[in-house]
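Asks: Spelled out, the chains give:
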Amino acid sequence: MAGVPNPFGESDTAAQARRRRSLFLALGLVAFVILIFVVTIVKLKGNVLAGNHL
Amino acid sequence: MTDTTASPVAPGGVAETPARWSDYVALLKPRVMSLVVFTAFTGLMCARAPMSPTLAAVAVLCIAVGAGASGALNMWYDADIDGLMRRTRGRPIPMGRVQKGDALGLGIFLALLSVMLMGMAANYLAAGLLAFTILFYAVVYTMWLKRWTPQNIVIGGAAGALPPVIGWAAASGHTPLNAWLLFAIIFLWTPPHSWALALYTTGDYAKAGVPMMPVVKGPASTRRQILLYSLAFVPVAIAPAFTGLGGPVYLAVSVLGGLLFLTLAVRVWRSHAGDNGNEAENGLYGVKAGSKDARNLFAFSILYLTLLFAALLAERALGLEPLNLVKAFGG
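So the protein sequences, as listed, match chains A and B.
Take the first sequence: its position 50, counting from 1, is numbered 50 in the working numbering, and each next residue is one higher.
Take the second sequence: its position 309, counting from 1, is numbered 309 in the working numbering, and each next residue is one higher.
These aren't lab readings, by the way, just hints derived from the structure by calculation.
Mixed in with the good hints, there may be bad ones.
Claimed, not checked - The calculated label-pair distances, taken between Cβ atoms and stated as ranges, are:
1) Arg21/A / Ser221/B: 22 to 32 Å
2) Ala15/A / Gly209/B: 14 to 24 Å
3) Ala14/A / Arg86/B: 38 to 48 Å
4) Lys217/B / Gly28/A: 39 to 49 Å
5) Gly128/B / Val4/A: 18 to 28 Å
6) Val48/A / Ala49/B: 31 to 41 Å
Claimed, not checked - A short list of chain B residues far from chain A (calculated; beta carbon distances all over 10 Å):
7) Arg20
8) Trp21
9) Ala49
10) Leu55
11) Asp80
12) Gln99
13) Met143
14) His272
15) Asp275
16) Glu315
Claimed, not checked - Over 12 Å on every C-beta distance to chain A, these chain B residues come out as not near it, computed from the model:
17) Tyr24
18) Val25
19) Ala57
20) Val58
21) Leu61
22) Cys62
23) Leu117
24) His174
25) Ala232
26) Phe300
27) Leu320
Even for Gly, the Cβ is constructed at its ideal location relative to N, Cα and C.
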């Protein structure tokens with residue numbers, strides 16, 4: 001990618017910082033989705049075992 | 001009194017240097033968060049209620065995220081005075097690395113997220129208490145009390161004292177008197193802890209116009225109030241050993257630590273801490289000679305609170321039964 005001008009007109013340092021922020025934001029979103037899934041399954045399992053679905 | 005040159009933030013809070021992901025972590029006040037997690041987890045364990053370990057971990061995570069949201073909202077609102085104080089001028093907004101609006105957005109987003117997830121993973125009582133705590137810290141303490149009254153940290157201390165109650169509520173769905181006893185311990189611990197620090201950072205608070213007790217009432221009055229609050233705090237810290245919450249380890253830790261706490265408080269009362277415009281020379285623990293007693297009390301107060309809650313956790317882990325001499329407090 002060397003020689004390609006930055007489309008936002010930002011410095012290399014700023015672009016690198018932005019990419020890292022975006023990466024951590026993406027990881028945070030993935031973690032959030034997994035968290036909601038796990039909580040749902042655990043709550044579901046608890047209710048099924050308790051017979052609340054009947 | 002308003003030396004705005006201390007802050008590199010341009011008018012309007014526009015950041016001058018690119019933000020790193022760690023700057024956003026710093027907005028969440030991770031050191032405060034760790035203490036909140038510790039006390040909340042202790043409250044959760046003390047409830048002795050059957051709870052899925054996964055949901056318990058999520059509940060503690062929600063409390064941690066909620067505390068982080070409070071920290072971000074606090075840094076958003078206090079960006080102007082943070083830039084004036086040595087202790088806080090290195091924060092991301094005064095340093096010009098994060099924009100004020102970003103901190104506000106992050107704080108609101110995390111607050112909503114944590115409360116919603118708490119309601120889903122635990123129960124609505126815990127979610128409601130968490131929402132109240134965030135609002136109390138961000139609005140009542142940060143926006144109102146902090147710049148208005150020297151009682152700011154006394155009343156505002158309620159926000160820092162609520163996490164064990166939230167943890168207890170998350171595990172059991174209710175908050176008996178023993179949960180509120182944990183609240184009372186942190187609530188009464190806060191004034192001597194905060195004022196001991198304020199005694200040797202008076203200049204910083206005065207420069208920022210924050211009406212901390214030593215700035216408004218003077219060092220002598222502050223030292224007297226530290227002793228009075230300590231006299232109220234130590235018996236309350238020992239009380240769980242008699243209410244079915246703490247066992248023999250807790251009794252030993254609370255009594256021995258309490259005696260040392262009172263000794264240090266008396267030393268502060270008899271000292272000249274804060275009289276000479278004492279200013280921290282090297283972080284939180286570097287002080288001029290006259291204020292060493294205040295520094296010692298500040299440092300030990302952190303250790304004592306940690307030991308109290310660690311004793312409760314250790315007794316749960318070791319399966320030690322509480323002494324339970326006054327059963328009316330419930331479990």
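Asks: Against each hint, give a clear statement of whether it holds in the structure.
Replies: Do the hints match the structure? See the list:
no.: 1; hint: Arg21/A / Ser221/B: 22 to 32 Å; verdict: violated, 47 Å
no.: 2; hint: Ala15/A / Gly209/B: 14 to 24 Å; verdict: violated, 39 Å
no.: 3; hint: Ala14/A / Arg86/B: 38 to 48 Å; verdict: violated, 28 Å
no.: 4; hint: Lys217/B / Gly28/A: 39 to 49 Å; verdict: holds, 45 Å
no.: 5; hint: Gly128/B / Val4/A: 18 to 28 Å; verdict: violated, 52 Å
no.: 6; hint: Val48/A / Ala49/B: 31 to 41 Å; verdict: violated, 20 Å
no.: 7; hint: Arg20; verdict: violated, 6 Å
no.: 8; hint: Trp21; verdict: violated, 4 Å
no.: 9; hint: Ala49; verdict: holds, 13 Å
no.: 10; hint: Leu55; verdict: violated, 6 Å
no.: 11; hint: Asp80; verdict: holds, 25 Å
no.: 12; hint: Gln99; verdict: holds, 13 Å
no.: 13; hint: Met143; verdict: holds, 28 Å
no.: 14; hint: His272; verdict: holds, 48 Å
no.: 15; hint: Asp275; verdict: holds, 46 Å
no.: 16; hint: Glu315; verdict: holds, 28 Å
no.: 17; hint: Tyr24; verdict: violated, 8 Å
no.: 18; hint: Val25; verdict: violated, 9 Å
no.: 19; hint: Ala57; verdict: violated, 10 Å
no.: 20; hint: Val58; verdict: violated, 6 Å
no.: 21; hint: Leu61; verdict: violated, 8 Å
no.: 22; hint: Cys62; verdict: violated, 10 Å
no.: 23; hint: Leu117; verdict: violated, 7 Å
no.: 24; hint: His174; verdict: holds, 19 Å
no.: 25; hint: Ala232; verdict: holds, 41 Å
no.: 26; hint: Phe300; verdict: holds, 37 Å
no.: 27; hint: Leu320; verdict: holds, 29 Å
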